[in-house]
Amino acid sequence: MPRIFRTLALAMLVLAGSLSAGAADNDREQMRGLDEQVQEVKSDVLGISAELSRLEEKLLYPSNTQVAVFIALAAGDPMRLDAVQIQIDGQLVAHYIYSFKELDALRKGGVQRIYAGNVTTGEHKIEVSLNGKLEGGGDYSQAGSFAFQKGIEPKLVGLTLAGPGSGRPAIEIGDW
Amino acid sequence: MTRRAPARLLVLGLAASLAAAPASGSDLRDLYFGEALFHANQGLYFDALQRLDTELAQHHGLDEPQYDSLHFHIGAAEFDVGDFELNYRMHHRAGRAIRAVLEGNVEESVRNEAAYRLARIHFQKDQPEDALHALSRIQGEVPEKIRDDLEFLRANVYMALGRPHDAVEVLSKLQRADSLAGFAAYNLGVALLQDGQTLEAIEQLDRAGQVTSGERGAVAIRDKANLILGTMLFESAEYERAYQSLDRVRLEGPFSNQALLRAGWAEVSAGNYERALVPWNILAKREMTDAAVQEALLAAPFAYGKLEVHGRAALMYGQALEAYTHELDRVDASIDSIRKGNFLKALIREEIRQDEDWVIRLRELPETPETYYLMALLASHDFQTALSNYLDLEDLRKRLESWKTSFDSFEDIIEVRRQNYEPLLPDVDADFRELDSQIKLRMEQREHLDRRLQGMLTAPRPEYLATADERIISERLDDLEEKLADSANPAEQALRARIAHLRGALTWRLRTEYHERLTEAHEHLAGLNTVIGAMTERYQSLVRTRQAATHSYVGYDVQITQLRRRVGEAQERVNRLMARQGHLLETVAINELKARRERLDAYQAKARYAVADSYDRAARLQADARPDAGQGSVQTGDQNASDDVQPGGVSQ
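Taken in sequence, the protein lines are chains A and B. According to my numbering, the first sequence holds residues 1 to 176 in order. According to my numbering, the second sequence holds residues 1001 to 1652 in order.
To be clear, the hints were calculated from the coordinates, so they are not data collected in a lab. Check the hints yourself; a few may be wrong.
Stated by the list, open to error - Calculated lysine-lysine pairs in the DSSO-like style (CA-CA distance at most 27 Å, straight line):
1) B:K1398 / A:K58
2) B:K1398 / A:K101
3) A:K58 / B:K1404
4) B:K1145 / B:K1345
5) A:K133 / A:K108
6) A:K101 / B:K1145
7) A:K101 / B:K1345
8) B:K1285 / B:K1345
9) B:K1145 / A:K108
10) A:K58 / A:K108
11) A:K125 / A:K58
12) B:K1398 / B:K1340
13) A:K155 / A:K125
14) A:K58 / A:K133
15) B:K1340 / B:K1594
16) B:K1345 / B:K1398
17) A:K150 / A:K101
18) B:K1306 / B:K1285
What the hints assert, rightly or not - Covered by chain A, per the in silico footprint, the following chain B stretches (three or more residues, Cβ under 8 Å):
19) 1044 to 1056
20) 1575 to 1588
Think of the CB as a built atom: it goes at the ideal place given N, C-alpha and C, for glycine as much as any other residue.
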């Protein structure tokens, strides 16, 4: 009997997942063929998506009026960002609440395009407020107001947010 | 076991190394590159690829890409696009960008990193020969951050090529690499095993089974090392050591069910039936869809039988019989429900997929028999691939559907703009033409002045700088001179002298003040330039606004029509592929469930027989225990008949 068990135990490892080998081979062959076609259609749809986003940008955000606002977190900052609110020239343009996944993506160096819109050329005011939690669990709220100049080219406004321990301003504006 | 294990562990190892390369945002110079990372960090590879593809195409299309902000990240971007393509399961495309880096004029360390990444892609594409070829291009300085990963990949490639001896050599040097804790140790054990060095393999797996790490992947691979080691020791009849190794597998890990099952068998093999009951009783209370749990339901009463607790064994066989019958009903319900198409509908339920533990949630949903066995199905690599493709296709289908409605919105916007601008533009254009001719005239005047002043720098013309009063005076002097030209009257001659004197004074002033006036004239021209600059800017702004008005509704028809057609065609292809992929997914699921059903059938038959047998034995024992039992009793059954119902006879 022990010999049977030994055979059994090893068989469990060797044969795991290969119970119906004949049918599985046929399925696998079909899957491979389908997989190639899926890759092709992905490539096509990516191409359509790129062209569509160019069309969208041209139609909705022409470069002479385009403004885009981006959010980044200061590197290594433990502050937990919960929400960000943005006003341009007194108009609320974005109010975003972050999921865990999004926060994690920001912490890993990702940059979120929080708003894309249109403004006239000239000087404008952007007001930013953030809400979050500190490492110890305390509430953290900050607000800042900045001026920016819109020219005839697309305007990209980058905002870097930081907690009190980072040694950086809570809200920093950068030009790109 | 040894043939299949490496393929799985390699994937695990690579997944760990791919995930271990977060992008740094501290010195980010290109926001759109950062946006691609933001999507990728969330696993949204379609969006990440779309963003990065666009950025790279724009960058490479520039005459002077060194002035583009992506230039600062171009190496990382080319590498990342390959990673994103791999993660999005676009193996055919993956590697193109990296090949471009390899062929470009880059530093040695960058070229070596590119070769490493290309090798990694080939390896993931199941092309180990090409991977080795890419690795052979690495020469000279290798960036420190990839040194260990590179060697780990090299070892994996050797193993995939059936060169375990070479893999052993490479892996032996990686045992102190912290980033590969667990993986390098486990792979070395498997490589030694493949190389025929069984004793060394056992020792190595023993070490791999005791690696201390808090990393999720490393802990999982440690469990796996213990599971395989336990099985090998069991095969070598070293039951006590086998049990110890299996006992190290965490109770809550993905390998715990198999470990508990095998730990029980190790005890049984050593004759420790009572100790076998400990893992099996734990296992018997777990999720019934798991194959190990199903086997434990037979294994536990088998051990009781061996302990001669036949009453308890009979009771447990009865419970097992009931459980198998119930489970068979569930398998039948699952197959039936899958055939009705419910399986595919359940898989794409949006609210379920929001959750990290969506597979478990699906199983827990009431009235969804189609998903009871999803966890078990997901253990199959083929099923995982088919499922991933199906979910990707569903994502594409949704995108295409939403884009289709975007076209209608775009056309609405264009129409509104057309209705707004078309009546306004004729008047605007008329005003603009008038203004334009005035501007042109003034510009010509300015050009004339400029030319004249430039000429005066080489050929002085003081009269050009006379003021209006001076010009009037000069003209009056000319008139007076003309009137007095023929007069011989002395009084008038005196007047002529005065006129000459006045002209002399005027000429004196013009000549002595010439340089001052010329400077002043240049200053005025410069002042005029400022005004003209402002006017030109406004003029260009007006031209741009006028163009923007036209561009806001003209010239989109062809593009939208073409895109609409492409979206429609893609939709058809996606729907067709989804139907085929879905059908295949259902087939794979049903085949797997049928195999489960066969096994459950066999378990049920064994349990049915074992119930009766155990009751017989219990009854005989009771009879033997009676004071008068010794006299006249007849031994009718085979003492070891219960061996026939041990689950090993029907197990996988």
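Cross-check of the supplied hints:
Of the supplied pair hints, the one linking K1398 of chain B and K58 of chain A holds, its CA atoms being roughly 24 Å apart against a limit of 27 Å. A threshold of 27 Å between alpha carbons decides the hint, and for K1398 of chain B with K101 of chain A the separation of about 22 Å falls inside it, so the pair holds. Our distance criterion of 27 Å between C-alpha atoms is met by K58 of chain A and K1404 of chain B, whose separation comes to about 18 Å. Simply put, K1145 of chain B and K1345 of chain B have alpha-carbon atoms about 44 Å apart, too far for the 27 Å limit, and the pair is violated.
Taken as a hint, the K133 of chain A and K108 of chain A pair is honoured in the structure, with Cα atoms around 18 Å apart against an allowance of 27 Å. For the suggested pair K101 of chain A and K1145 of chain B, the alpha carbons sit about 26 Å apart, so the restraint of at most 27 Å is met. Proposed proximity of K101 of chain A and K1345 of chain B is supported: the alpha carbons are some 26 Å apart, at most 27 Å. With a C-alpha separation of about 30 Å, the suggested pair K1285 of chain B and K1345 of chain B falls outside the 27 Å cut-off, and the hint is violated.
For the hint linking K1145 of chain B to K108 of chain A, the alpha-carbon distance of about 17 Å falls within 27 Å, and the restraint holds. A C-alpha spacing of about 31 Å is found between K58 of chain A and K108 of chain A, which places the hinted pair above 27 Å, so the restraint is violated. For the hint linking K125 of chain A to K58 of chain A, the alpha-carbon distance of about 24 Å falls within 27 Å, and the restraint holds. For the given pair, K1398 of chain B sits about 23 Å from K1340 of chain B by alpha-carbon distance, which is consistent with the 27 Å threshold.
Distance restraint check for K155 of chain A and K125 of chain A: the Cα-Cα separation of roughly 13 Å lies within the 27 Å cut-off, and the hinted pair is therefore satisfied. Restraint check: the Cα-Cα separation between K58 of chain A and K133 of chain A comes to about 39 Å, which exceeds 27 Å; the hinted pair is violated. Proximity of K1340 of chain B to K1594 of chain B is assessed by CA-CA distance (about 16 Å); at most 27 Å being required, the pair is judged to hold. Only pairs whose Cα atoms come within 27 Å are accepted, and K1345 of chain B paired with K1398 of chain B is accepted, the gap being roughly 14 Å.
Distance hint between K150 of chain A and K101 of chain A is unfulfilled; the C-alpha atoms sit about 33 Å from each other, more than 27 Å. A threshold of 27 Å between alpha carbons decides the hint, and for K1306 of chain B with K1285 of chain B the separation of about 21 Å falls inside it, so the pair holds. Counting residues of the stretch 1044 to 1056 of chain B whose C-beta lies closer than 8 Å to any C-beta of chain A gives 5; at least three are required, and the coverage claim holds. As drawn, the stretch 1575 to 1588 of chain B meets chain A at 6 residues by the rule of a beta-carbon pair under 8 Å; at three or more, the given contact holds.
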